[in-house]
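One-letter residues, chain by chain:
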Amino acid sequence: MTRPDGRSPHDIRPITAEFDDLARVDGSARFGFGSTPSALASFTGPIEVRLAAENPSRLSLDVVVRPLSGIPGTREKKTGSVLGSVLKQSLVMEANPRTAVVLVVQSLTDEGSLASMINASTMACMASASVPMRGVVCAVDVGMTDDDFIVDPSPEEKQHTSASGCFAFHIQGLQRVECIWTNWTGSGFDEQELLQARTIARESVINVWKTLKETVARREKLPLEAEDEMEI
Amino acid sequence: MSVVVPGEHVPAQHVNLKLGPGLTQSSSSPTVISTRAGTLNHSANRSKWWVESNSRRYVPAPQESVIGIVTQKAIGSLVYARISLAHKDMEPELECFDAQTRKSEGFGELKGGFMVRCSLSMCRKLLDPNHFLLPLLGSQIPLEVAVGVNGRVWISSKELKHTIAISRCIEAVDPDGEGMEEKALRTFLGSLDA
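As they're listed, the protein sequences go chains A and B.
At position 178 of the first sequence (counting the first as 1) the number is 178 in our numbering, and the numbers step up by one without a gap.
So the mapping is simple: our numbering equals the position in the second sequence, first residue as 1, plus 1000.
So here's chain B without its partners, still in its complex pose:
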């Protein structure tokens, strides 16, 4: 893990090299360069490399699950969908069912609940099963959550004060905001009237 800024050479070499976000290889030379400022990461066997950085602006990529707001017909309703097509020259396309099982699997309209916005790295943290926040909140408050990697999280809870508490906790842990760690968050949660 090291810091890179755009344009720097990255020592990524492997027989089955896979470049993730933030890296590119020019067609003229085999050298790999970084295209964003952030932390350079690679998998244990050095075959997968990528640059991790926080952002507020989502750019669609295929196979990612996002939360969208309908703009025609059922205006304002929330939808949890999978990006089936994302190409820079075409409009992105969404699907509301799982490609493999052909069933809804949680995709589709999100009824009720409340949507909050957060940074992109916060979404990735929420999707990480080892991150502390959702299990901690779930142990104290009954909740349903849908996380879109486009910076949007849908929360559904029976009581309004619970919804507000969850929303404030997400804001507090967001690295783009305060970036609270577990201990501080526990204290924060305790201080809320939930």
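Excised from the complex, chain A in its bound form:
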């Protein structure tokens, strides 16, 4: 099956992943599936927290999501809540108790891509290097059509899928890739198909992880060495 843009079913679009240089934050990054970034994320902290939100044993994570146009509403609140719960799996919340950390995500496109927001947020956390992380959270979209499962469906392709969703994975090196969240939804799919979609997403998300690692390597001005060197 070939797709409108010539990709094979499990190909993702070429990724745009860049660390950004926003002035008043500790770390920032842009991410997008395709040639333009669709999410810009910034991470600041640990900073002082107001007394009401102070937690004696862990840091408080505040997520603000802004749409490209319009005022943030319920949908943005929901997205923020998802981003927070997904990133909490990787942030070591106990390392900086009684502090706060603020993650702001700005959507750069009309539709907004949750997978891109998750990836941009992870990159912003890595860029700030202020809160220790257990792993890297990466996400990718999968859609189900009559013929096959397609990875990273474009907005047009999504309209022809009977079910689709974003899968988020917590990746600790290539050894451990664990699915931590999904919003797979649609009509006429069974459990087998959901598991299949997740397996396909899991294979594709490795490429997202590799691209993020390459972006880190560029920032550190180091060549990327063969993966075997890192495995014991």
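The set of hints was computed from the structure by calculation and includes no laboratory data.
Check before you lean on any hint, since a few could be wrong.
[Claimed, not checked] Dumping the calculated DSS-like pairs for lysine-lysine here, alpha-carbon to alpha-carbon at most 25 Å:
1. 1088(B) <-> 88(A)
2. 221(A) <-> 1183(B)
3. 1018(B) <-> 1048(B)
[Claimed, not checked] Label pairs and their calculated CB-CB ranges:
4. 6(A) <-> 1114(B): 54 to 60 Å
5. 70(A) <-> 1183(B): 46 to 52 Å
6. 1047(B) <-> 53(A): 39 to 45 Å
7. 1101(B) <-> 68(A): 56 to 62 Å
8. 11(A) <-> 1183(B): 41 to 47 Å
9. 1(A) <-> 1028(B): 42 to 48 Å
10. 1101(B) <-> 55(A): 39 to 45 Å
11. 1104(B) <-> 74(A): 54 to 60 Å
12. 214(A) <-> 1025(B): 26 to 32 Å
13. 71(A) <-> 1176(B): 30 to 36 Å
14. 214(A) <-> 1021(B): 19 to 25 Å
[Claimed, not checked] With the C-beta cut set under 8 Å, the calculated list includes, among others, these residues of chain A facing chain B:
15. 90
16. 129
17. 132
18. 136
19. 217
Ideal placement from N, C-alpha and C gives every residue a C-beta, glycine not left out.
For this one, chain A is given, so just place chain B on it according to the hints.
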């Protein structure tokens, strides 16, 4: 030296293994994993391992020398102090004298001068005796400098234009900013009216 991202296994093994910033060992298994994205380094004998990465946000650690701004009583004055206590569950404590000699040794109030902010890796570079910047500036401009590893540098120089020149040079060499190398910095310094 290789690139790591958080969660990756690190082949750190030694009889006297010491893990520096960016690495942790889980209590359940002997494997060492990285907790930040950056460059993995180790000492020549492979006993000390750490991950080097730039950051703008300082998290206190004991024995580090930092520059602080007083917030009560003598508000606004600058202090060069050593962190004597830094624990995640307690407020950090500072000391204004050297622990071993019990003398001030340059710690205490920094009078006059000007404070600039820079990234954390820039502070580490300034503290490195082999880095080119401070010796180069010192050979051309009489100056006094105190470097805090918390991203703050205090500069004191007789003439205002010298202070501004030093401040701009630090900004220019900062890897978080332009990241200028020695040659480019020399040209830059020459172009300044100092």
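Here is how each hint holds up against the structure:
For a cut-off of 25 Å, the pair hint linking residue 1088(B) to residue 88(A) stands: about 19 Å separates their Cα positions. A distance of roughly 19 Å separates the Cα atoms of residue 221(A) and residue 1183(B); the hinted pair therefore holds under the 25 Å criterion. Distance restraint check for residue 1018(B) and residue 1048(B): the Cα-Cα separation of roughly 5 Å lies within the 25 Å cut-off, and the hinted pair is therefore satisfied. Range check, residue 6(A) to residue 1114(B): Cβ separation about 59 Å, and the 54 to 60 Å hint holds.
For residue 70(A) paired with residue 1183(B), a C-beta distance near 50 Å keeps the hint of 46 to 52 Å intact. Between residue 1047(B) and residue 53(A) the beta carbon distance is about 42 Å. The supplied range of 39 to 45 Å therefore holds. Restraint check, residue 1101(B) to residue 68(A): a C-beta distance of roughly 60 Å satisfies the suggested window 56 to 62 Å. Checked against the hint of 41 to 47 Å, the pair residue 11(A) and residue 1183(B) passes, with Cβ atoms roughly 44 Å apart.
Checked against the given bound of 42 to 48 Å, the beta carbons of residue 1(A) and residue 1028(B), roughly 45 Å apart, stay inside it. A beta carbon spacing of about 40 Å between residue 1101(B) and residue 55(A) agrees with the range 39 to 45 Å that was offered as a hint. The hint said 54 to 60 Å for the Cβ distance between residue 1104(B) and residue 74(A), and at roughly 58 Å that hint holds. The hinted window of 26 to 32 Å between residue 214(A) and residue 1025(B) holds, with their beta carbons roughly 27 Å apart.
Here the CB-CB span from residue 71(A) to residue 1176(B) is close to 33 Å, well matched to the stated 30 to 36 Å. In this structure the hint that residue 214(A) and residue 1021(B) lie 19 to 25 Å apart at CB holds, the actual value being about 23 Å. The restraint placing residue 90(A) at the interface with chain B holds, with a minimum CB-CB distance near 7 Å, inside the 8 Å limit. Hint status for residue 129(A): holds, given a least beta-carbon distance of 4 Å to chain B, under 8 Å.
A distance limit of 8 Å between C-beta atoms decides the matter here; for residue 132(A) the minimum to chain B is near 4 Å, and the interface restraint holds. Checking residue 136(A) against chain B by beta carbon gives a least distance of about 5 Å; that is within 8 Å, so the hint holds. Residue-level restraint check for residue 217(A) holds (minimum Cβ-Cβ distance to chain B is 4 Å; threshold 8 Å).
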